[in-house]
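The listed protein sequences derive, respectively, from chains A and B.
Just so you know, the first sequence maps onto residues 771 to 1212 in my numbering.
Just so you know, the second sequence maps onto residues 771 to 1212 in my numbering.
In case anyone wonders, no lab produced these hints; they're calculated from the structure.
Even for Gly, the Cβ is constructed at its ideal location relative to N, Cα and C.
A hint or two may mislead.
[What the hints assert, rightly or not] To list a few chain B residues with every Cβ distance to chain A over 12 Å, as calculated:
1. Pro821
2. Thr884
3. Ser1039
[Said to hold, decoys possible] According to the in silico footprint, chain B covers these stretches of chain A (three or more CB under 8 Å from chain B):
4. 860-866
5. 889-897
6. 906-914
7. 952-964
8. 1145-1157
9. 1162-1174
Protein chains: 2
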Amino acid sequence: MRRVLSTSLPTHVGRSVTIAGWVHRRRLLKSVAFLILRDAAGLTQVVVTDPDLRARLVELPEETVLEVTGEVAANEAAPAGVELVKPAVRLLGEPAVAPPFDLYRPALAATLPTQLDHASVALRHPTRSAALRISAAAVAGFRATLDARDFVEVHTPKVVASATESGANVFALDYFGRPAYLAQSPQFYKQLMVGVFERVYEVGPVFRAEPHDTARHLAQYTSLDVEFGFIADHRDVMAMLRDVLAGMLAGVAERAGGALATLGVELPSVPAEIPSVHFTEALRIAGAAADEPDLAPAHERALGEWARTEHGSDFLFVTGYPMAKRPFYTHPARPGSVEHRPAVGDGGAEAAYSNGFDLLFRGVELVTGGQRLHRHSDYLAALAARGEPVEPVAAYVAAFQYGMPPHGGFAIGLERFVSRLTGAANVREVAAFPRDLHRLTP
Amino acid sequence: MRRVLSTSLPTHVGRSVTIAGWVHRRRLLKSVAFLILRDAAGLTQVVVTDPDLRARLVELPEETVLEVTGEVAANEAAPAGVELVKPAVRLLGEPAVAPPFDLYRPALAATLPTQLDHASVALRHPTRSAALRISAAAVAGFRATLDARDFVEVHTPKVVASATESGANVFALDYFGRPAYLAQSPQFYKQLMVGVFERVYEVGPVFRAEPHDTARHLAQYTSLDVEFGFIADHRDVMAMLRDVLAGMLAGVAERAGGALATLGVELPSVPAEIPSVHFTEALRIAGAAADEPDLAPAHERALGEWARTEHGSDFLFVTGYPMAKRPFYTHPARPGSVEHRPAVGDGGAEAAYSNGFDLLFRGVELVTGGQRLHRHSDYLAALAARGEPVEPVAAYVAAFQYGMPPHGGFAIGLERFVSRLTGAANVREVAAFPRDLHRLTP
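With the rest of the complex left out, here is chain A (with noise of 0.2 Å):
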């Protein structure tokens, strides 16, 4: 008989079905045994009155994999309105341990390091695995947001020849006896996939030899990665973003409805326009001095709080971050743009500000991005600006020789979208076997 799951139950009441999971409870009454089986898409209530099968259950505990034929009967007393009753059950997998933590409770009892380390087994929990379910269907949402949009998807290399965000935080590896690097990015490839296609996206892991132990960094991640051709300026490429967020929010309202009710999590809307304010005024509303070069972590949660007090908004764009700040390839703002002011400082005053953008989505830095340099000319005087030499980025400079339209693009880190969205404290517990300074295994 063809396998059915447990959602589908009610469909087939007063009919004899066969299910198959894992024992997730069991409760031994005196005259009766009730069997909670687990599968993919939840529970199942098995009753069991034969003292042959009761018995038997005695030997069958949590986590055994069983499969179990038996008639569906309605009862309104049963978790899900209905129940398997006059069960013949098959043994599939059995266990050789207990888990590490019990599995049928409503929260896992366990430490995060704990959890980590019995990952396998960790996962299985409704309240772990409803994470994963919401991070793939937000990516679901991102590659039909951009597919709708004449977006191609790419697969760039991870080991590269040189450093390509900047030569630290880098993990160094031996190429057939040469040395090579794990990319931190695909930003120089994506970059040179516009002159091909126009418009790509890649969603793969990135590499960051992140030396400190802190709650939102992970040595390896998911980056969702855009960019595309033909813009006029980073507001276009802010535009997308916005598209692009709201199609992965609707992705996860379409595809993970059963995990946003396990967390407990009501999605956040965007607004068809996010509020966006330049950095300067960026570090007045968060009382920050007028000479910081950068947003701190207090000072986005100000920003955050700023956003939903005034604007209603979960997310916030803050622009035209300085050119200091910012990798060698940002554009910087046009004079007479919105987005250019004078510096503050002894900042030079034509290229004290970009055309590069942070989101923060409830007050942490969620997505970076701009509009990036496209003329060879200008990279090299780029990097002759900043005293830096050519060379380390020689192939990716080479590459703008030959025509390019102006461009941006962001780059989205999956774990920090749904630990945000989940209100998880710690990156990790939505990633599945998280990497990081002390964590290789498992």
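Based on these hints, arrange chain B on the given structure of chain A.
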């Protein structure tokens, strides 16, 4: 004015539009000039009669990025039946040098190594970009097929503490002062996730320190990994693979029709049931000795011919691979099953053949898959029988202590799939930035 794509011009005849793209080719005649502009969708012919603009065109070489506003005129003689007249041109991005080879010719004249050295410009050629569009469409079809069957997408670690598939061909790296390795496959993780979601897939990079310089191996490639539980045996996995392949080809037909036309590729059809032969029959068909432990490339080619002639199929399953040639997690053929045969030579009869299979596509191994062991005690026994130590795979094996269903899966090499589909002689032709023994840039 909002920019439109070249392919939409027939719907704008008589109206003024703005297009943008790269100067693909100029034909400067005496009184008129033709400018062929290339965008992501195709080519547009722009007719230049104004002497000043004609003079300016001389200074705008191939690969210059332009925005052109003009009037759409029907002209049966023009390549797409329409052309742009009375153009006004705006320069968006000027090249610094000429491309190292002509992009406007029907075929790229440069050798493959030269193309790969200048990938950012070579990939602009329609024949090269077409393969990548087919690749993206195939992955979209892969996901759509599995999403419709309740699979959940996962993202697993690419940096691991020990080699997954075998100790050989693995890249070593320095992980915060500890030795670590690049994952050769998500095999272990996808199996563990069957315990969480029952059905999972992953699209991601895998790494093989392949010391041979062949036309079909890459040091990084994109692996399409599938794993699912509650199967009867590997035949359920083969049926799923059949549907996935059909879905990938449907995705290509739906999303990459233009790319197929560019390459002159006709899609194969996937039989409702892909023919399959047992390993022992495969040896016989290929004319190999009955005690050969594996199929050589020449055998695979012979089998591909046979499948085409005997079954009219581009696809052929070879089942019942010898246990000796499969990894320790492979499930042996069950006595009495169609895969179970008397062993040839001195192999132990019981465990001679496995529930592991390969799928050949046009005479080349495309997919490896099968049923896996799911009982903890079976893992320990399998390792003991092979004389392999538990320690290097202890974390993996330990995860099977907690109750796992019968399960199996497969992995498709994306670049290999696309190269067989398009008839590319070298897998490097269908990767954007291939990595191999000699190549680490661009």
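Now for the hints, and whether the structure bears them out:
The beta carbon of proline 821(B) is kept farther than 12 Å from every beta carbon of chain A, the shortest such distance being approximately 25 Å. Consistency note on threonine 884(B): stated as away from chain A, and its beta-carbon is indeed over 12 Å from all of that chain's, at 14 Å minimum. At roughly 25 Å, the least C-beta separation between serine 1039(B) and chain A is larger than 12 Å, which holds for a residue marked as non-interface. Counting residues of the region 860-866 of chain A whose beta carbon lies closer than 8 Å to any beta carbon of chain B gives 5, which meets the minimum of three for the stated coverage.
With 5 residues having a beta carbon nearer than 8 Å to a beta carbon of chain B, the region 889-897 of chain A meets the requirement of three or more and the stated coverage holds. With 4 residues bearing a CB less than 8 Å from a CB of chain B, the region 906-914 of chain A meets the requirement of three and the coverage assertion stands. Evaluation of the coverage hint for the region 952-964 of chain A: fulfilled, as 4 residues show C-beta separations to chain B shorter than 8 Å, against a requirement of three. Residue count for the region 1145-1157 of chain A with a Cβ under 8 Å from a Cβ of chain B: 3. That meets the three needed, and the coverage hint holds.
For a cut-off of 8 Å, the count of residues in the region 1162-1174 of chain A with a CB near a CB of chain B stands at 8, and the three-residue condition holds.
Of the numbered hints given earlier, the model fails none.
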